[in-house]
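Q: Based on the hints, put chain B in the right spot on chain A.
2 protein chains.
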Amino acid sequence: MTTEHIAKDMMQMLGRQAKAAAAAMRMADTGSKNTALKLAAGMLRREQDEIIAANAKDMQAGRESGLDAAMLDRLALNEQRVEGMAEGLEQIAQLADPVGEISNLSYRPSGIQVGHMRVPIGVIGMIYESRPNVTADAAGLCLKSGNAVILRGGSEAIYSNRAIAACLRRALADAGLEQNAVQLVDNTNRALVGELIRADEFVDVIIPRGGRSLIERIANEARVPVIKHLDGICHVYVDATADLTMAKAIAVNAKMHRTGVCNAMETLLVHAAVAEVFVPMVVAALREAGATVRGCPRSCALDKSIEVASDADWDTEYLDAILSLRIVDDLDAAIAHIARHASGHTESIISEDYSAGQRFLREVDSASVMWNVSTRFADGFEYGLGAEIGISTDRLHVRGPVGLQGLTTQKWIVLGHGEIRT
Amino acid sequence: MTTEHIAKDMMQMLGRQAKAAAAAMRMADTGSKNTALKLAAGMLRREQDEIIAANAKDMQAGRESGLDAAMLDRLALNEQRVEGMAEGLEQIAQLADPVGEISNLSYRPSGIQVGHMRVPIGVIGMIYESRPNVTADAAGLCLKSGNAVILRGGSEAIYSNRAIAACLRRALADAGLEQNAVQLVDNTNRALVGELIRADEFVDVIIPRGGRSLIERIANEARVPVIKHLDGICHVYVDATADLTMAKAIAVNAKMHRTGVCNAMETLLVHAAVAEVFVPMVVAALREAGATVRGCPRSCALDKSIEVASDADWDTEYLDAILSLRIVDDLDAAIAHIARHASGHTESIISEDYSAGQRFLREVDSASVMWNVSTRFADGFEYGLGAEIGISTDRLHVRGPVGLQGLTTQKWIVLGHGEIRT
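As you go down the protein sequences, you meet chains A and B in turn.
Residue numbering for the first sequence follows numbering that gives the first Met the number 0, beginning at 0 and increasing consecutively.
Residue numbering for the second sequence follows numbering that gives the first Met the number 0, beginning at 0 and increasing consecutively.
Please keep in mind that the hints were generated in silico from the structure rather than gathered at the bench.
Quantities reported herein were computed from a predicted structural model and do not represent experimental measurements.
Ideal placement from N, C-alpha and C gives every residue a C-beta, glycine not left out.
Keep in mind that a hint or two might mislead.
[Said to hold, decoys possible] Restraint-style ranges between C-beta atoms, simulated for each label pair:
#	chain 1	residue 1	chain 2	residue 2	range
1	B	T187	A	N186	36 to 44 Å
2	A	R297	B	E49	50 to 58 Å
3	A	G65	B	I5	45 to 53 Å
4	B	S105	A	R361	13 to 21 Å
5	A	G110	B	D48	49 to 57 Å
6	B	H416	A	F380	18 to 26 Å
[Unchecked claim] DSSO-like mimics (lysine-lysine), calculated; alpha carbons at most 30 Å apart, straight line:
#	chain 1	residue 1	chain 2	residue 2
7	B	K410	B	K18
8	A	K410	B	K247
9	B	K7	B	K227
10	A	K247	A	K303
11	B	K227	A	K7
12	B	K410	A	K247
13	A	K227	B	K227
14	B	K227	A	K410
15	A	K227	B	K7
16	A	K18	B	K18
Bound-form chain A, shown alone:
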């Protein structure tokens, strides 16, 4: 048999098992799901040494195959990171169970009562790279939301992921639930990714996490719906009425708190009326924090330390201690710049003006739109979702951080007393 045939057979088996497990998980009660999560947390702590030993094999192979320092750092597990995974699962156990929640049940003129019931999606296919903690986070969120998950981690983390997934599976069995609600694609054959994203008979949605090229390839080739996350080109706009001290603190935080993350600011827009005062003030603070500023010609004239931005800068996700800065004439110009250059992830206005803030909230079409807040808050934990399984820059189903609710859907329920259509 060819590699492709083996991949197809293997995915068929995983798919069938996942579908059967999803049917059982859909009906699992909240108590059993929480028990499984807590047992899994305990299991991770007890198996800590074995998990770190498995991770050492991945690290060794990673060093030999020449992974860079950043990749190796994302791959590495230590006691603190294993404890972090365990605590993450315990936090998910604390969250309210979304499954079965009934909302908006109300009477219609015909006499029937119509409402929504929240239900699991079914089978989630999760494709990700390097970080082994995603194995625990994704499995935990899928478990709590009553779904089955097929996990396809990076081949560089195969030993670590295997050790972590084993803990989750044992915990499910010990809690009397279906082990196959969490399955790891325990094979580094690349053809398996292709099979997983085309398995629309078994898989209800694919959530990829990784670099842009991986996600674009998956979106192009998938037959299963994809909840995807492309770039995070986030903007902060400092309005004419902004509290400039607040604006400076937010700009520095949004850019420099962590530079390699998708909710970091890449472009700072400044209203012309405050530019003369604010640009030198914020550039000094940013430089002091270690940032390089590339600006429009007007801003360069206000501060000699600003490098001249090229056209490409306005469309660049630096993921680094670099930002672009543009002076705009008014709110309209800021909104127009965002409409043209933002990636639909997160934008924030800094303003004390009611009308400007209201317009920004309404008119900016991004997954998260903020007022007087650092873009760094666009995060499942900060939004109260617990862990997040991903961040969506799509428009359908779910936008922004995806937690338990994004892993569910709603069916209609109708209660009657013998009503018939006439």
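A: Showing chain B alone in chain A's frame:
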């Protein structure tokens, strides 16, 4: 240029215009949208004779090309049907505007307030057959929900659709809104459908309405997400504790009120404990109403008029005065039959038992799950959505009848007071 090149160019133009219109419609206020809907209703009434004359050309061409009687009936417009479209638009004007609705805005420990704002999806691609009233309904719903729509009706209805779409476009302009929020693909070149479903640069979602083969082809070839509606194999389950008079009335209504619709019952399941009494009673009523019953061996033994069902019957959407009937031993067997054979559209339990009803609501995984109601109520109007743009048998984004809410999505909004991450 080849037909494909012309199709590509045409769709690029429509797509760019739709995208620009969507950006404007997203910000349109409720009053202007309602004005446009009411003006369009008036326009349809004033242009009634021209619309019926345009329809006569389609009817003539349809007769010449040999459309069957059912197709011709769906295609035909008369004064009453034009008035129906006008009233439909007025009803949409009466519905609450979902755009801008803020929900669940609440404080987080960090001090920020986090909530959701409902926003339009963007550009909707609508692909449908024969019925010209879909042109008005779909345009009206997309307009009210702040979207732009590209309508691709059947070539057999091109003159009718052109006349109707012209009314909508004039009404938009008269209300001061973007005409291109409603665009009709005014060309019967089939390559245009292929271009529309691959235009992911411009189109955010495709909603197809039509036969199964059309929808499957679109789902297979689309690059744009599709909200699709496949079969309606709907079940009614008569439990051991059912009020049998109610059960009989619902069974007859669910099957015979209209047989050619997706929410008609195709299979009746009867608990063994009541079969001896109920089967002869319901079969007599169904036969009197004109239905043919195909049953399992146990049911055939109870009533000689029942034909023997084949295996294929349990998976058949008859869309006709035929139903299949099976006696099941208990609720578990009923739920198992539904899990295996239902299409995920609508199922109803007839029962006076609290636990049985609760289990059915929770465990049956269909877009609409009902208790003591005819399946015929699975309908946007009955659910209070106003008109419906389609019915989804998908799992993501929206299930069941799709109205204004299904044409929107939610972004996060975050209100702060200068919060930064530490």
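Q: Would you mind marking each hint as holding or not holding in the structure?
A: Quick rundown of the hints versus the structure:
1. T187(B) with N186(A): 36 to 44 Å: violated, 50 Å
2. R297(A) with E49(B): 50 to 58 Å: At 56 Å between Cβs, range holds.
3. G65(A) with I5(B): 45 to 53 Å: holds, 51 Å
4. S105(B) with R361(A): 13 to 21 Å: holds, 20 Å
5. G110(A) with D48(B): 49 to 57 Å: violated, 40 Å
6. H416(B) with F380(A): 18 to 26 Å: Holds, since H416(B) and F380(A) (Cβ atoms, about 20 Å apart) stay within the stated range.
7. K410(B) with K18(B): holds, 19 Å
8. K410(A) with K247(B): holds, 26 Å
9. K7(B) with K227(B): holds, 24 Å
10. K247(A) with K303(A): Since the Cα atoms of K247(A) and K303(A) sit roughly 19 Å apart, the hinted pair holds (cutoff 30 Å).
11. K227(B) with K7(A): Holds, at about 26 Å.
12. K410(B) with K247(A): Holds, at roughly 26 Å.
13. K227(A) with K227(B): holds, 20 Å
14. K227(B) with K410(A): The hint holds at about 15 Å.
15. K227(A) with K7(B): holds, 26 Å
16. K18(A) with K18(B): Not satisfied, since the Cα-Cα distance of roughly 39 Å exceeds 30 Å.
Hints 1, 5 and 16 from the earlier list are contradicted by this structure; the remaining hints agree with it.
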